[in-house]
Amino acid sequence: MGKLVERPEPDVIIQSYLPEVWNGMKRTSRHFFANLLMKKGIATIQYPDEKVTYPPRFRGNHRLMHREDGSVRCVACYLCSTACPADCIHIVAGETDDTDVEKAPTVFEIDHLRCIFCGFCEEACPCDAIRLDSGEHRVPAFCRKDEMSGKEDLLSRGAPSVSKQGGEFK
Amino acid sequence: MSEWASDSVKKQFPDFVLETHRQHGDDTLLVSREGLVPILEFLRDDPALDFCMPLDVTCVDRIGLSEPPESETDPMNPMLATHTTPNLGECDGPRFEVVYHLRSLSRGAMIRVKVRVEEDDAVVPSGTAVLKGFNWFEREVYDMFGVRFSGHPDLRRMLLYPEFEGHPLRKDYPRKGYQPLMDMPNLDGDRVPGLEE
Amino acid sequence: MGSKAPQKAPGADKDLKTEYLTINMGPSHPAMHGTVKIILTLDGETVVDADPDIGYLHRGFEKMAEAGTWTKVIPYTDRLNYVSPLINNVGYCGAVEKLLDLEITERCKYVRVFISEISRICDHLTAVAASALEVGAFTPFLWAVQAREELYFLIEMIAGARVTTSYTRIGGLRWDLPDGWVERYEACEERLFRMLDDVETLLTRNRIFIDRNADVGVMKADDAIGWGYTGPCLRAAGVDYDVRKAVPYLVYDRMEFDVPVGHKGDNFDRYLIRLEEIRQSVRIIRQVIRDIPDGPVNVDDWRIVLPPKDAVYNTIEGMIAHFENIMKGVQVPAGEAYYSVEGGNGELGFYVVSDGSGQPYRVHVRAPCFALMQGLRDMIIGGLIADIIPTFDSINMIGGEIDR
Amino acid sequence: MDLTFLLLTLVKIVLICFVFAMIMGALLTWVERKLSAAVHDRVGPNRASIMGVTAMGLLHPIADMIKAFTKEDFVPAGANKALFALAPMLAMVPPLVVFAVVPFGPGPNFVIAPLDTGMLFILAIGGLGIYGAALGGWASNNSFALLGSLRAAAQMISYEVSMGLNLVGIFLIFGTVSLSQIVLGQGELLWGWLPMWGIVLQPVAFILFLTASMAENKRAPFDLPEGESEILGYNLEYSSMRFALFFLSEFVEIVVIAAVAATLFFGGWQIPWVDPQGTAGGWITAGQVAAFVGKVVFLCWVQMMIRWTLPRFRYDQVMTLGWKYLLPLSLANIVVTAIVVAML
Amino acid sequence: MPTLKIDGREITVEEGTRVIEAADALGIPIPRFCYHPGLPVAANCRMCLVETNRSPKPVPSCYDICQDGMEVQTASEKVKEARRAVLEYTLLNHPVDCPICDQAGECDLQDLYFDYDCKPSRHAFRKAHKPKARTIGPRIVYDAERCINCTRCVRFCEDVAGAPQLRQVHRGEKTYIDVFPGTELDNPYSLCAADVCPVGALTPKDFRFKCRVWFMKGVQSVCGECSRGCSVRLDTFKNEVQRVKPRHNPNVNQYWACDAGRLAYHRFDEGRLAGTRIRGEEVAYFDAVARFADAFQEAIGGGKQVAVVLSPFMTCEDAFAALTLLKAKAPGAVYAVGGRVEGEADDVLARADRNPNRAGLDKVMGAFGIQPVPLDTLHEAVHPVVLVFGFEHEEQNHARMALQAAELSAVFTSLDNLGDVETYAFPTVTPYETYGTWLNEFEVLQRVRPALKVPGEARQARAVVADLAERLGAPLDVASAPGLFDAMAVAVEAFSGLKLDDVGPFGIKLSEKPADPSDEPDAEEGAESDDGADAEDAADIAEETAATEEA
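Residue numbers (the numbering used here), protein chains in the order written: chain A, 1 to 170; chain B, 1 to 197; chain C, 1 to 404; chain D, 1 to 344; chain E, 1 to 551.
These are calculated hints, taken from the structure and not from any lab test. Glycine residues also receive a C-beta, built at the ideal position from the N, C-alpha and C atoms. A portion of the hints provided could be inaccurate.
[Claimed, not checked] Calculated lysine to aspartate or glutamate pairs in the EDC-like style (CA-CA distance at most 20 Å, straight line):
#1 B:Lys176 x C:Glu62
#2 E:Lys205 x A:Glu95
#3 A:Lys3 x A:Glu50
#4 B:Lys114 x B:Glu165
#5 A:Lys26 x C:Asp197
#6 A:Lys51 x C:Asp378
#7 B:Lys132 x C:Asp223
#8 E:Lys238 x A:Asp87
#9 E:Lys132 x A:Asp97
#10 E:Lys329 x E:Asp294
#11 E:Lys132 x A:Asp100
#12 B:Lys132 x C:Glu149
#13 C:Lys264 x A:Glu9
#14 E:Lys238 x A:Asp69
#15 E:Lys78 x E:Asp115
#16 C:Lys220 x A:Glu6
#17 B:Lys176 x E:Glu81
#18 E:Lys119 x C:Asp53
#19 E:Lys119 x E:Glu158
#20 A:Lys40 x C:Glu66
#21 A:Lys26 x D:Glu32
#22 E:Lys174 x A:Glu123
#23 C:Lys309 x A:Asp111
#24 E:Lys217 x C:Asp53
#25 C:Lys309 x A:Glu123
#26 B:Lys132 x C:Asp300
#27 C:Lys220 x B:Glu118
#28 B:Lys132 x C:Glu66
#29 E:Lys132 x E:Glu81
#30 A:Lys40 x A:Glu50
[To be verified] Reference excerpt, derived from the structure (chain A facing chain C, CB under 7 Å, subset only):
#31 Lys3
#32 Arg7
#33 Arg27
#34 Ala34
#35 Gly41
#36 Thr44
#37 Ile45
#38 Pro48
#39 Pro55
#40 His112
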């Protein structure tokens, strides 16, 4: 059953204010001097100068992965824009000369004003083409236009991906 | 749980209880509108039941729950059926279903009491007289669905502003568009598509 | 006890003819987090009437949820109670799984308990911190937030984001726990207790803090139940009700923990209960770490969870399942279910209705704060304007959850 | 009154009021931020820079000043413009004037106006501080500001009493209300080794005085007139330099309180066991002035640490504390002191 | 008449009915690849296996004939296992192509795998390779690797299109579909070969990579290419028609539609009349209405002869509205019917008359007692006032000549193809944006539904007519499509007793229309509620378009 919480009794020590004020002052002073003299325990990070390294799962800026030959892995299957709860991915599909993978995006835009970085696109991608693991977070921009990331931009953050496309047993 | 609460309610009010079910272990009563307040009172006061905690009130607009007519789906194109908008035609039975959830502290059990009302007579007796905690929940249902609660002490809009037109959680309320209080031109100078369309 | 302070401002004598002052506290007011407005009628500094007005953060969660697939609702749930998003994730997915009659894997249950408790600590730390801040003590606030920050880093490591976690999936989780999470958690715990000790030193026995909170915003047990209070606010009134004990979900029935209850239901009790619950949560987490089994975190059914990426890339079977899953969403059989978890502020319930398609027909959130807020009026009337702030804070209203 | 005296006085006014008090005040804004940062495990402001020199954030007060001067001076609709403009000045001037009687070092050269009734002067001028807060809040035409100014007026009047009464013990002991005389008196030694500082003779009075004067200054834990999480304060409609004046006056007042407390309870410029009459010249005098400044700095630090340690009182609790605790205690202190003094 | 039991449900069927047909009639789902109700049975996919009491092994239900006393199990464990095995086998050599396959989303293979198998692959060998992305016809691309050799397309070309252009080549796992050397899949129904393909082997070139099927909204409407009026579904996305697919309609077109009709939507993409014009100058719509109404009033007041060119593309409702007004204001007007020139009929679907609603127009005109003159004789006499309705007149010259000769003329059209010869031009909508009914050559009344949002200034023709009528002092009682239909049901004998709701997805044959209903609701009330329905429909469209735009 429930456990009754321990509630401090209003004894003389509490009622006379000062002892607890003194205890409190001791505790704050400890932090003060520790931080002033030893520079230890500072919890903040001086952002533009220092940056935290995000854990590997961190969902940051999107990037589009390459094939070995440097072309975009995306085949414009639209699964990412289907899975996107914010409707922020705009794709226009086009044909390529490659008979193996006939389809590639001619336009691939991400509207970062809408994007909520949920990672559903990454999860939905059947080609390992879009990822959010760039480790950079989104920096704000001065105008709306700059918040649209185009294909070139996304590819520039990309890297070659090693996973097979179209199947191992192709 | 030795005995389902809905059984004892049904025994007590055979006329008011229209239907019971225990889908997924949730004890559910569908009651008539007249029976709502007596049943809530009974649930609260009966020492064996002790449903004294108001959990939640909400509403379901059942207008889209009915199956789309058979002929509307194309046998050769199964995808069509899954991507059509809900059928906003007739629904079987009354349109709104106000759902009360109560919790029994001593039994830990939850019971769901539902009332169905027609759209043109969307009035439900308020449960606030039984448990005051239904107050805001009912206001929200009024706000979002336009179901009125007779005897509610303070039936005003809850989340939306008083000038708001319509009840947004109804299925026939458009999902997209603006409802401006004044003319709000969009970037092209056109009126923003909204309710008036 | 000096806290027997008059509940009337000096000079607000009834013999004196005074004029009532009506002011809007909020929606843009430093203490009204989450944008809330309270329309106050004041007699001097005494609150004569109060009308909390919510809805400034209304985003139409329930309408939006009806627009996409069942899975697409998960990111929206992050934004309900944005202080403990993981509990919302767990609650929502649990509701859909209940509708699916789906039994998730053992490991997944433990992980869900783990993340729920981490979130609960975050939530309570925020509430404790803010209750200090609202009475002017800035330092404990930042110390508590610092402790919370540690946990946020842990959450980020697990879920990839600090607040917008979207970590659970219907039938499992986005990922299993990462390597090194136990070590990381232990480091967090050590820091957490150090910071908690600091915070408590400044607050718990400080008479100014006690005076501000004790016997302020009292909500008696009967009233609290009547208003639909749950969570720490109900327990502060002495009612032993915790969803984790009353209706055990996941593996809470295997966990040993106490449900702290308070003495009289005032702000100070709520503060103490939150501190105690943090300790109980840590106790649960230790049991999770001790007991967590190995194994998969997702159910073995491609109709509900996405196939592993390896199968998607290499086999047509995996690819098809992946496509179907994303195009149509999880096909949830028609029906209705109510599933509740113990959120940071009380019983967080999800009432879901399905019409049998891949889209939710109705998703309703039983937000604990909503019930808490409707009792606020009773708690603040008769008090002073300065009492509103700690009282309002001690119910820890979260705008995202209340307005949805 | 000859020209030299006039010039000397002017120099002293400039040095003490403007250079010492204002710079201390401005510096204290920096100290406040850095100190709170250290307490909170933060770094604090360190970004304002001139050609890459940040000087540990010392440029921030300058940047703040530039900002305050250049921001729009906003007067809300319906405000009483004249009073609205007057209030910040009324808040700023009294604390500066108080410095006139504070002895910074031995001899009459280190005080602007060596009044015999220095302490009464301080109480008299300090009482004027109410007007700034009260008028500012009232003239703003804002309910919250009005509540703030009402709180400010009530609180300052209440604490004025116990603040004054606390000093009576000191007067009784040293038999004078002249600050210079009191400082001189504190140079003596008790039992040959213990400096006869006010804090030694009147520890209760010191605590009560510090409490009451912090309440006078409307600083945490007595910052109800501001109470930024409750009513946002009497100065909520103020912006730009007018707000800066309110803001700065608070910090100048900290210095004033520290200076008065140092004078009355910490031996002023006295360094224990060193030249209690202040007749030695040169380095010793300089050291004594430095000692005074050091004491002031220490007391400023104490006030700031209190601010970052304690939560805020409630309005009625402040009143209770003022009238039911401080006032009786002060009176009791006077009685006890009087009896002891009479017996000795 | 054998009586059999399928999953415990009894049904009596015609002699010779296949089991799968009986199951379909009961609404019991049986998966299938090769079976198509419009094609001969091949029974080569084995997906539709069921268990019967007549055979120890599961049998293909598409081939098995119903027998008296048969008991069929469609969902037993054995059947499920059989189907699972069939699927696994079917998928063995299927390429991992869903991301680049246009069929994904409406692919039977996907849906059935998800429903019946949903197990990981056990295949760990190289898949068979076959030609990919081959253009086998002017409108069709073929991918042999995706093909499951159900031969639906082969059977379609042979039996329905009457052009046996496809065949299977090679044997075993190398089998695929091909055209004969030197020929192409170019019959006028070739797009239906892609429709019947249950997987993504045959895909239409027109739709290639254009849009994902699950984004699209299907709107049930009618094809306007010929007077057959095939039932079609307009698939739209982002307020554009993405493709047109035939819809099953036993009254009209069975399962098929011709390529020409399905690609006709491209015609309406360009050349729209953008704004209301007076002598080439753009003016505000209501100004133009006012000025034209005044001029028209003056002209008919002066007893000037009025000529009206109607279009067989107009819906019955539009024509009825226009004629109601004209009969009231200009009783002596001369009428002609424009439309597209005759084409070739074939023996599958296409009719010679290339207009969808000539029959309906005749019925409506008949109700007003109008005998139209041939269009090419219209310009022989000079008519000072000429009104031209409709958007598509291939016999433009006649209409243009009549317009040129007129003093006052007005066109109500969607396409700007008459030249600048008229004095007043009011933009109206295309058949993809309107709401109404068309009557085909075989007197089947079908509903046209709007798939797109009305662009810019354009208006429904009946709305323009209603505005003019208001101005002319002869306001119409109703102007919404359902309201006009009700009015028409009273005025036009052929439609009497009909209600719009009676016109189902298959349309309604006028010869089979229900007997005169005695319980007809109060006329006014009916009109009112129908107005609401119209508005609701418009709101629907707006919402849909908004939603798709969002995506």
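Checklist entry - Among the hints numbered above, which are violated by the structure, and what are their numbers in rising order? => result When the structure is compared with the hints, numbers 3, 4, 6, 12, 14, 17, 18, 19, 20, 22, 23, 24, 26, 27, 28, 29, 34, 35, 36, 37, 38, 40 turn out to be violated.
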